[in-house]
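Peer 1: Here is how the chains run, residue by residue.
4 protein chains.
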Amino acid sequence: MQAVRFVAPAGAFTRTVQIRFSHCDPAGIVYFPHYFNMCNGLIEDWYTEELDVNYADLILHDQHGFPFVHVETDFKIPSRMGEKLDLTLLIEKIGRSSLTLVIVGHKDGVERLRARTVTAMMSLASKRSVALPETLRRAFEAYAARTA
Amino acid sequence: MQAVRFVAPAGAFTRTVQIRFSHCDPAGIVYFPHYFNMCNGLIEDWYTEELDVNYADLILHDQHGFPFVHVETDFKIPSRMGEKLDLTLLIEKIGRSSLTLVIVGHKDGVERLRARTVTAMMSLASKRSVALPETLRRAFEAYAARTA
Amino acid sequence: MQAVRFVAPAGAFTRTVQIRFSHCDPAGIVYFPHYFNMCNGLIEDWYTEELDVNYADLILHDQHGFPFVHVETDFKIPSRMGEKLDLTLLIEKIGRSSLTLVIVGHKDGVERLRARTVTAMMSLASKRSVALPETLRRAFEAYAARTA
Amino acid sequence: MQAVRFVAPAGAFTRTVQIRFSHCDPAGIVYFPHYFNMCNGLIEDWYTEELDVNYADLILHDQHGFPFVHVETDFKIPSRMGEKLDLTLLIEKIGRSSLTLVIVGHKDGVERLRARTVTAMMSLASKRSVALPETLRRAFEAYAARTA
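Chains as they are written, first to last, in this note's numbering: chain V, 1108 to 1255; chain E, 1108 to 1255; chain Z, 1108 to 1255; chain C, 1108 to 1255.
Please note that a few of the clues may not be correct.
For chains that are exact copies, the list does not tell them apart, and a pair is met inside one copy or across any two.
Below, in silico cross-link-like pairs of lysine to any residue (SDA-like), each with a Cα-Cα straight-line distance of 25 Å or less [unchecked claim]:
1. Lys1234 <-> Val1111
2. Lys1183 <-> Ser1233
3. Lys1234 <-> Glu1218
4. Lys1191 <-> Gly1148
5. Lys1191 <-> Thr1254
6. Lys1214 <-> Gly1202
7. Lys1200 <-> Phe1247
8. Lys1191 <-> Thr1155
9. Lys1234 <-> Arg1253
10. Lys1200 <-> His1171
11. Lys1234 <-> Ile1184
12. Lys1200 <-> Asp1181
13. Lys1191 <-> Gln1170
14. Lys1183 <-> Ala1115
The hints are simulated quantities; they were obtained by calculation from the structure and are not laboratory data.
Same shape as in the complex, but just chain V (with noise of 0.2 Å):
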């Protein structure tokens, strides 16, 4: 397979994760599902750090969720124990309760994996959809809009 480069929009938010030995199957490489734990952690730190949205307070206080509805991912070139892997976030699209996102895994200017989430806001006490506050709306557009 051809090796992919990649570079960060200016302003991305990017998060380095340090490959361990608890993600590492007998194979010496990640085993995939820590991908997606890797992918939610930096979701939520978007939300924390970059948004300036307290993720651990629109689910406990605010009583949303966030359920995956859709993932698909490409994975590229494996990873191995000791490694340090960039993952990048971007916006694809803001739905009326959903968000699609794409997050890149990289190291040293070269694609690793590609995936695209889709995440549909919900209320936990009617467990239905909900449109999106206007505040984390307009902070997903402005995310969108500085890093496109």
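Following the hints, put chains E, Z and C in place on chain V, whose structure we already have.
Peer 2: Just chains E, Z and C now, kept in the frame of chain V:
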């Protein structure tokens, strides 16, 4: 979202997973990366119990790996602690070294999730993809034929 | 280390766990936190199948929690992908709100691990420990008596 | 239960862990096996960042394993999504091939959990325990001395 009926083809490999406390998140539903663990376990059992191919030997003895190169999943209906989820495995495509599976999670005849996974057979020594061994290819073809 | 024989008492609750690819680390053996997942699953099944107490209902309906307050484990012999590990649950002590269990992992009559766990029953509402309900206490005492 | 104060000795290795959605169970608190993952990550970082010993190389290059042979833990105060938990590593005993660590989880000067772990150094080739290499032993002794 409208419920989608699912009836497994006769002869299809189905296993039932107990949804446990450890699978569930603060919203009380399965945290989605656990579904991929369940899918991986289903594939293991399918090799060993349905195809009569020892999965552990394929890896530990034959030194083959089966990394996931692509995964896409629709999560339609959440599952909760104490429920039993049926998982059915179907073959979509048999490539030179790759295998495309569809795994449907269902309960009481209604789809809860649908995953498509592509794995590629590789040599752990050379770290390159290798053609599917003829015995494995025949086992895949026979399963695909009898569950079409 | 010398092998320690283990014979489960008649009537003791034993379940067999398939050691999977997902349990194993780059050294090819079970990564130890997975054993605690297995123990937790065993305890769930013991409530539901042996004591005829629906574990999910205890938590979701009765709003009881069973946090672990103490765990200690000797890991004696590692387990590998493809093996089947037997787990046997025994009661060591029944307290006012706490329950001390011993869980022995064994294969072919030889101990592989031995865990002692202490859980305390609490109310999820008050977040305080509560006395074991009388029906639960009687079920524990009967199990302890018949496996002594 | 009475709160236990904890003040890390000067020079002790402490890292802060963000408690995430993925760590928490339907009762909203950390599901206990995740704490062992956190401890394992702390130990990795301690080797690499404090002792200047590349942990990944010890395993992948030198073919040493560090299986846990004993773990015991008191879980005193639960932790919740959004909290930051400090983990401090101390040495209790340096054996011929074994190392006994104490890991204290604390927040705002109060202990939340206290784990004692015993790992034994082994050769992945011979699958037998081996004496700690002299450089490693000296690094352990120096750390124990400066955090006593």
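Peer 1: Indicate which option fits the pair lysine 1234, valine 1111 if close means a Cα-Cα distance not exceeding 25 Å: within, between, both or neither.
Peer 2: Cα proximity of lysine 1234 and valine 1111: across copies only (19 Å, versus 40 Å in one copy).
Peer 1: If the cutoff is 25 Å on CA atoms, where do lysine 1200 and phenylalanine 1247 land: within, between, both or neither? Let me know, please.
Peer 2: within (9 Å within a copy, 38 Å between copies)
Peer 1: Taking 25 Å as the upper bound on the Cα-Cα distance, should lysine 1234 and glutamate 1218 be classified as within, between, both, or neither?
Peer 2: The answer is between: 18 Å across copies meets 25 Å, while 37 Å in one copy does not.
Peer 1: Up to 25 Å between alpha-carbons, please classify lysine 1183 paired with serine 1233: within, between, both or neither.
Peer 2: between (39 Å within a copy, 17 Å between copies)
Peer 1: Checking an output row: lysine 1191 and glycine 1148, CA cutoff 25 Å. Within, between, both or neither?
Peer 2: both (15 Å within a copy, 14 Å between copies)
Peer 1: As a check of your reading, is lysine 1191 near glutamine 1170 (CA-CA no more than 25 Å) within one copy, between copies, both or neither?
Peer 2: between (34 Å within a copy, 21 Å between copies)
Peer 1: Reference check for the pair lysine 1191 and threonine 1155, CA-CA at most 25 Å: within, between, both, or neither?
Peer 2: Both: 22 Å inside a copy, 13 Å across copies.
Peer 1: Given identical chains, is lysine 1200 near aspartate 1181, meaning Cα to Cα at most 25 Å, within a copy, between copies, both, or neither?
Peer 2: For lysine 1200 and aspartate 1181, both the intra-copy (19 Å) and inter-copy (17 Å) Cα distances are at most 25 Å.
Peer 1: Could you place lysine 1214 and glycine 1202 in one of the four classes (within, between, both, neither) given a Cα distance threshold of 25 Å?
Peer 2: Result: close neither inside a copy nor across copies, 31 Å intra and 29 Å inter.
Peer 1: Check lysine 1234 against arginine 1253 for me: Cα-Cα at most 25 Å, and say if that holds within a copy, between copies, both or neither.
Peer 2: neither (33 Å within a copy, 40 Å between copies)
Peer 1: With identical chains treated as interchangeable, where does the CA-CA distance between lysine 1200 and histidine 1171 reach 25 Å or less: within a copy, between copies, both, or neither?
Peer 2: Classified as within; 20 Å inside a copy, 39 Å across copies.
Peer 1: Check lysine 1234 against isoleucine 1184 for me: Cα-Cα at most 25 Å, and say if that holds within a copy, between copies, both or neither.
Peer 2: So lysine 1234 and isoleucine 1184 pass the 25 Å test across copies only (11 Å; inside, 38 Å).
The structure is inconsistent with the numbered hints 6 and 9, although it conforms to all the rest.
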